[in-house]
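J.: Spelled out from the first residue to the last, the chains are:
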Amino acid sequence: MDAIFKDPVLLATVVGTSLPFLSMAVILIFTRHNPMLSSRISVTSIVVAAVCALLNLAKVAGASHPFRFETAWMSSGNFHLTFGYYLDPLSALMLTIVAVIACLVQIYSLGYMSGDPGYSRYYAFQSLFAWAMMNMVIASTLLQLFIFWELVGLASYMLIGFYYEKFSASQAGKKAFVMTRVGDVGFFLGIIILTLGFGNLGIPDLNNAPGTGTITTGFITMAALLVFCGVVGKSAQFPLITWLPDAMEGPTPVSALLHSATMVAAGVYVFSRIFPFFAASPNAMLIALAIGTVTMLLASTMAMTTYDLKQVWAYSTVSQLGMMVMSLAAGGYFAGVFHLTTHAGFKALLFLCSGIFIHEYHTNDMRVIGKQGGRKQLVPMICITVGALALSGVPPFSGFFSKEAILGALNAQANPIWLFAGLFGAFLTAYYSFRLIFHLLFPKGGIEEKHAVHEMDSHGHKEEHHGGLFWAMAVPVMILACVTVVLGFAEHSLQGYIMAGGGAVKHASTAATGGAAHGVVGHELLVILGISAGLVGIILAWFEYGRKGASRNGFLSYFPPVWKLFDARWYMDAFFRWFLDTAIYSGLTSIFTRNDRRIIDGGIDGICFFTETGGRLFSFMQSGMLQYNLLIMVLVAGLAMLFFIV
Amino acid sequence: MNSLNTYLIISAFLFSIGLVGVLQRRNLIGMLISVELMLNGANLNFMAFNRFLTPEPVVGQIIALAIMGLAAAEAAIGLSIILALYRKMHSINIEQAQRLKG
Amino acid sequence: MTGFPILTAILMSTVFGLLTILLIPPERTKLVKQVSMFWATVGLILTLWLYFNFDHSKGGLQFVERVLWVKSLGIYWFHGVDGINMPMLLLTAVVLFTGVWTMWELEYRAKEFFALMFLLVAGVYGMFLSMDLFWMFVWYDVSLFPMYPLISIWGGTRKEYGAMKLTLYLLAGSALILPAIIYAWVQGGAITFDLFELQKIGFSLLDQKILFVMLYLGFGILAAVWPFHTWSPVGHVAAPTAVSMIHAGVLMKLGAYGILRIGMTLCPQGLGYWSDLMALLACIGIVYGALVGLAQTDLKYVIGYSSVSHMGMVGLGLATMTVSGINGAVFQMFAHGVMTALFFSSVGYIYDRTHTKMIPELGGMSKTMPIASAFFIIAALAGIGVPLMASFWAELLVFIAAVQVFPVGGIFAMVGLIISALFMLRVVQRTFYGERNEKFGHIPDVSPFLAVPRIILIGVILFFGFFPKVMLDVIQSAVIPFVGSF
Amino acid sequence: MMNDFILFLPEFYFTIAALIYFGLSLKKTSEPWALQKWALTLAGIGLIVTVAASRQQGMLFFDCYRVDLFSQVFKVLLAMGTFWIIFSSSELRGIDGRQHAEYYFLMFICTLAMMMLVSSVELLTIYVAIELSSYSLYLMVPMRRNADEFSETGVKYFMIGVTASAMMLFGISLLFGATHTTYVSQIITKLPALFGQPVAIVGLVLALAGFFFKLAVFPFHIWAPDVYQGSANQVTAYIATASKMAAAALIIRFSALSMGASHELVNFLIVICVLSMTFGNLVAIIQKDIKRLLAYSSIAHAGYMLMGILALDGRGYAAAIYYAMAYLVMNYACFMVIMKIADDGHNLQIKELAGLHKRSPLLAMTLMMGLFGLAGIPPTAGFTGKFLVFAAAVEKGYLWLAIVGMINATISLYYYLIVIKAAYLLKPVQELPAIRIDRWTHAMSLILVALMVYLGVFPDQFVNITEAAAKSLF
Amino acid sequence: MDTSSSLTALAQAAFWITIGFTITGACIAVFARNILYNVLGLALALTGVAGIYLFLGSLFIALMQLLIYVGAICIAIVFAIMLSRPLHLDTPPRPMPKVVMAVAASAVFFIGLAGVALKTKWVPAIERSTDYSVVTIGHMFLTRYELVFEVISLVLLVAIIGAIITAGFSRRLSS
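Protein chains in written order, with our numbering: chain A, 1 to 646; chain B, 647 to 748; chain C, 749 to 1234; chain D, 1235 to 1708; chain E, 1709 to 1883.
Don't take every hint at face value.
Claimed, not checked - The calculated lysine-lysine pairs, modelled on BS3-like cross-linking and capped at a C-alpha distance of 27 Å, are: (1) Lys806/C to Lys957/C; (2) Lys1261/D to Lys1271/D; (3) Lys1661/D to Lys907/C; (4) Lys1630/D to Lys819/C; (5) Lys1262/D to Lys907/C; (6) Lys1115/C to Lys166/A; (7) Lys747/B to Lys1655/D; (8) Lys957/C to Lys1630/D; (9) Lys747/B to Lys1806/E; (10) Lys1806/E to Lys1424/D; (11) Lys907/C to Lys1522/D; (12) Lys907/C to Lys1630/D; (13) Lys778/C to Lys907/C; (14) Lys1655/D to Lys907/C; (15) Lys1829/E to Lys1271/D; (16) Lys1655/D to Lys1585/D; (17) Lys1705/D to Lys1424/D; (18) Lys1705/D to Lys819/C; (19) Lys734/B to Lys1522/D.
Stated by the list, open to error - Computed Cβ-Cβ distance ranges for the label pairs, DEER-style: (20) Ile1681/D to Phe610/A: 37 to 43 Å; (21) Phe609/A to Lys1705/D: 45 to 51 Å; (22) Pro395/A to Phe1211/C: 50 to 56 Å; (23) Leu953/C to Trp1634/D: 16 to 22 Å; (24) Leu196/A to Pro1108/C: 41 to 47 Å; (25) Glu853/C to Phe609/A: 37 to 43 Å; (26) Ala574/A to Leu953/C: 35 to 41 Å; (27) Lys1827/E to Ala938/C: 38 to 44 Å.
None of these hints come from the bench; they were simulated from the model.
Ideal Cβ placement from N, Cα and C applies to all residues, glycine included.
In isolation and in its complexed conformation, chain A is listed as follows:
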């Protein structure tokens, strides 16, 4: 106990990561009926957590080696588990991202969620999420990480299904939980295999393991792929993509925080966390690269057909996550982490802006919002455009830098197909982002004034009611916009920070990029290609949606089957549904249920029935006819005698 107070880093960590849990407990148990107090408690705790995280970020920068605190948690036979904190640059950075964005989102929610009947509950779950996520980030062992990873999933489930009266919301929550669970089981199995084969789940120990030669590459590949299953589930990689778009049923701040900026990035985070371990297995890296690429392209195509504001960002999140996975799998460790950081910023920004629109117009449809005069909301409109530019990789916004870094990493791969895929993805990203922006700016058929007036009235009406609340939403948005603008320029200092301590990481990174150090194309050309991919996308979007007299249909509408394919998410949902319905529900479940009732249970009942029938049958022996009974008696005695004689 004393150790906590002696060590400021530990103290800050413990305080920062535990407060949200306390706040959740307090809210759930005591202040459920006092929403104001609940939100204050939660926000206070997360602010403290954010401050602590920033302090730690600074401390870690100054430290020569990572901080590591451990205490025994449980042991069973020769399996020992510790509970601990492992603060290295990566986790400190991630902790900061989580804490800060969670903090901003919670402040934002003060406005967004005001008046909701589940206000207290909302903040309780937010706190739960913050606690779990922060603990996951700084977990010192893979198992501890997994534990909080699951809790994060739980929080996600709760928050997606926040509007539980809505069937689609509860359905989406369930879907999210079960689909990530599919990946998690793989992760879990990976951890178990690591426990059995390696015996130590400490993250630094794992990362140093490949160098020592205690474990074979085959084992690493197997374990790494299993762990990667978890990544696939949590980061919505192919084939477990579809839960994430559905997860947008939750309140928008939740989408901003969990389903774009932080939680879904946890998968990527885990990948980068044990990156050296992964990197020791080229096969695993190749598979991860392929999956990342497929995910990115699939999600981008899906984003091109939807009109739902949040859906677009959701698909974009998936595709960006795919991009990060690509980057990491290609050996671009820093690029991946950097994109994670910038993405957290601008994606949260995009969602929060969308949230303001949604809050204002009570719809998710970009066409309706545009028609009703969405562009008149200056703050969100400007900020969303900033975010979209960053997403499209237009300089000087943060996205540009990180995307360039990723393209650089892809460029280092021997096979140029990855680079072209990356570029194509960048092009699609820009296209669908600006498709959305232009929908908002230049709605089809112009703004319907009548509605607008009405909306203005109601808007004004609202202003009177909670003017402060509007600013509770606007300020975080503006902060994030600023961050988006600025963050890109911090690339080099961040790189220095992240790569400082990680000898293993550096080693692994070079090993993974391996043979083609010089790249397929030159550096300058790459920059131009990157920018132009984005710009081409924006221009195409302008031609189709922005310019006067544009058709506003998109080129895809000329290919209805393709449109349909994209709109139906490549029939992945249909496939899952079909699988669940035929294989599970009407297949195994109904067969087993029938088996249970008819054969197993029926067998038992049958035995009872036979027993009773046996009783009836035997009772005929006891006929009322005396002499038949006597006959049996005599016969048995006689036969017994014969038996003894013979």
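Given the coordinates of chain A, assemble chains B, C, D and E onto it according to the supplied hints.
T.: Same frame as chain A, now just chains B, C, D and E:
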């Protein structure tokens, strides 16, 4: 001829024929008669063993006497029970007495 | 042997409870409940005291009481606690305490109800405490037969059928156990029923095989081993709340405990021979229970099948014969006990108020009774195996052992995790989410008084979820030497 | 001489009691109430006398008659059974009030006969005693009045009885022929050497047939259901409890003749043991009349008792004696409740028990404990009895027999539960008044319950007694 | 020699005739349709058995057989017949399956008993007294079989009382 086995076979025959009677006579008194035959079979056994095997030839006789006494008592009881049944059922046909079953 | 016989005192707390309840006139239901509560509390306090005074660094059998009971047969009044039955005792005490509290609103024939309940729990305590085969069987049966009146008088759906089926089925299991116990006694020279003396004598391989399979099948019925599980859903559906709690929470553990304590202690090689079968049945049970649970429309059926699935986990853990596996199995017994008690207790509340437990008829209960729903949802989450709830650790350990010993089976069983998540969440969604159900709009939520027992259960789940060491150290102190003796 | 008198005291006492009632039967008037009270007093003193004589040992009547622990234990059981039955005879409405004196007379005579039966160690004495007890029962069964549908009972019982006794007599004659003696002690020494020849085993089996008839072992059980159903409740109870004791004793005594030397005998016993259990339990399932149900259950219980006996060693006999003891208590508990509920002497149907728990919680509990005891549920005496019996069988290597026995116990539980369900669960068609029970019945119920539990939980001293008793057989 | 052998032959003839009587009587007792013939058959068989007892060396028992069985029991049965059922009523024919089964079961029994008799090696006692006298019987009855003797008296008492009450001759008014 005058060997133990002859007597034993005769007693076995008496016993078995008594059994036949018990098993197929419908008249209760007929059954009682058959039972008496069975008892006589057993009695004959005792007497035969008594004559051919045992060290004290008195014992078998005493047993036979006792059995006779018991048989008389048994007949009395049996007949009275049959009579009682006849008063209630107006029949001494055992095949009509099968209300209790199952 | 010196000092206060605390174990007998725990056992006697229920017997005295039974006797004092019998002396109360039946009209005074309030007094009956107070007395029941008193004795349940006494039991709980004694058990807690025991738990905290149990020296887990020393391990072994502690607080031993051993008196010769029947000389000519070698029956002993032999009680002791070690790491295996200590958690079970705690579980029993907690579930009894909360069970009595949960049934506070019972008015119909309350005296008989609580008397029978105490009789049942006396059997459970006895089985857990006793180390003498004869007494173990006696207590085992004592704990089974009160189920019949308890279910058939106070039960719900198809109560007479369910009660009859459950009682006969479970006692059919003891048809194998009793001969097995006697056989062990005979093979041990017909001089002692003392478990540990018999263990020392040691049996031939053939005897071990015979004995183990008999004990396994006999106790396995109570542990709801597939395919002998069908009594479990039927019986649980029929039983009243507290009985379901005790039955699913504690009684089912008796089966697994019997396999562990008698079967595995006496015939480790027998287990070695049959472990493949045991693991196979357990794995099938895990997946099968979850899959069948998917199709159920009755809340209690759902829980019943989830119990089948979870008890499969116990079986799988035991079959591995490793420290982790058995640790996990024992921990799972405890965790599942508390969790199921919570399940039934919250379903019981809903059923008491709405008079239905059919999922399609409910729906939107979260709006009507948020707290009651929260209890259920927490239990469901524990059932899914969400971390930081007690059952997570148990499953973790079981899977670690299972993947090591039975790789295919272990992975197969892990698939069950997905299905169990699917089916639990499906139930939660259908029952508690969705539009507010106006039919039950007027029903009040759980009162604070009635919420306490449920909160205690949740507290236990979370406490051991956060601090598994507290439990595992105790369990381990017995399991490590136990596994070493194989 | 005085010593001999003390040895014979219980028998002598019951002779006197019987003669007193013979005298009373000659009276012109009859007061059932007074008769019952006096009979109860006599039986109570008889019980005390028997218990007082229970530690006696010695030989009487030129070694025809042996007083030892084995016989005295059974005599105590018999006296206790008689006392209990007479205790319950206050509701003796099944028999015409004019015949009560004869009823008690016959009951005392029958008890006396059975006491002599368990002590006799000479074949002729055994035969005469068994006939005396049978005749008394033959006569008690048709005493039931106003029951035309049961009129055939007496004649069926009689006919089956005499046939079985003829068989037994034939068997005894064969034993006599084979061993040249009628003394059991001499037969024991001679018989084991004779098992190479069929006469020994056939003689033994045929002789056992008569006792199997008394114990209602399959296939000699056929009288039991009809007689249980057709007799007055008290008579049924007497047949079901006391008379079973004597039969069990006799079977033990005769099985002991083989000295465990005959494998064939064991096989025979196993077969009829399994058949008895299975048949009794299966057919009991479908019964509606409680007494008939208990008849089938008694067939099954005879099978369990045989399981102890077929071990053919001291422990097996001890187990069987213990089982008999437990069976007496449990069965009487059930019958007492039945007699109390059907206080007008009619035959109780299972459904008539509906609402019993309300009408009389104590009787309901006694019935439940009794039935659970019969089903072999711990901690009742029935369980310990079954346990000992199975232990004896398994010790001889018949593990499968114990499993069969347990499966049968499970089946039996089904129909016992049906009765319990009726008592505790079913709602009566119309509200019936509460059953008034006097404090004696009250006390008796509690004593019975306590006894059942005590026998089950503290079997030590009883096991010691039975083992000592079994030892005195050889 | 001759006389003795002729005496032996005579005795043998008498023996077989007695047995023939016995068997005939037994068959009549069992198979005749008329109940009165049955009684007569029984009497014949019992007399035959008495004759066999003579061959077995016991005049006393033979006399007793005639006295008790033929004299008492048969008469009692005749009385019972008189009391119960009019004799002139026709009885329905016997169902054949029942007779066959009865005969079969009895045959099994007979084979068993005969088998026992024939297969067993009967060993006479080494020392056999030849005392068949009535005096010894009486002596034995009062010494060794004293208990039997007394119990038989009880049996007869029971039989008398029982027969009276069972046959419905109630001796007193209802109270």
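J.: All the hints need checking, so say for each whether the structure fits it.
T.: Hints, one by one, checked against the model:
{"no.": "1", "hint": "Lys806/C to Lys957/C", "result": "violated (32 Å)"}
{"no.": "2", "hint": "Lys1261/D to Lys1271/D", "result": "holds (17 Å)"}
{"no.": "3", "hint": "Lys1661/D to Lys907/C", "result": "holds (15 Å)"}
{"no.": "4", "hint": "Lys1630/D to Lys819/C", "result": "holds (20 Å)"}
{"no.": "5", "hint": "Lys1262/D to Lys907/C", "result": "violated (58 Å)"}
{"no.": "6", "hint": "Lys1115/C to Lys166/A", "result": "holds (12 Å)"}
{"no.": "7", "hint": "Lys747/B to Lys1655/D", "result": "holds (25 Å)"}
{"no.": "8", "hint": "Lys957/C to Lys1630/D", "result": "holds (20 Å)"}
{"no.": "9", "hint": "Lys747/B to Lys1806/E", "result": "holds (19 Å)"}
{"no.": "10", "hint": "Lys1806/E to Lys1424/D", "result": "violated (42 Å)"}
{"no.": "11", "hint": "Lys907/C to Lys1522/D", "result": "holds (22 Å)"}
{"no.": "12", "hint": "Lys907/C to Lys1630/D", "result": "violated (42 Å)"}
{"no.": "13", "hint": "Lys778/C to Lys907/C", "result": "holds (26 Å)"}
{"no.": "14", "hint": "Lys1655/D to Lys907/C", "result": "holds (11 Å)"}
{"no.": "15", "hint": "Lys1829/E to Lys1271/D", "result": "violated (58 Å)"}
{"no.": "16", "hint": "Lys1655/D to Lys1585/D", "result": "holds (10 Å)"}
{"no.": "17", "hint": "Lys1705/D to Lys1424/D", "result": "holds (19 Å)"}
{"no.": "18", "hint": "Lys1705/D to Lys819/C", "result": "holds (17 Å)"}
{"no.": "19", "hint": "Lys734/B to Lys1522/D", "result": "holds (25 Å)"}
{"no.": "20", "hint": "Ile1681/D to Phe610/A: 37 to 43 Å", "result": "holds (41 Å)"}
{"no.": "21", "hint": "Phe609/A to Lys1705/D: 45 to 51 Å", "result": "holds (47 Å)"}
{"no.": "22", "hint": "Pro395/A to Phe1211/C: 50 to 56 Å", "result": "holds (54 Å)"}
{"no.": "23", "hint": "Leu953/C to Trp1634/D: 16 to 22 Å", "result": "holds (20 Å)"}
{"no.": "24", "hint": "Leu196/A to Pro1108/C: 41 to 47 Å", "result": "holds (44 Å)"}
{"no.": "25", "hint": "Glu853/C to Phe609/A: 37 to 43 Å", "result": "holds (39 Å)"}
{"no.": "26", "hint": "Ala574/A to Leu953/C: 35 to 41 Å", "result": "violated (56 Å)"}
{"no.": "27", "hint": "Lys1827/E to Ala938/C: 38 to 44 Å", "result": "holds (39 Å)"}
When each numbered hint is compared with the structure, violations occur for hints 1, 5, 10, 12, 15, 26.
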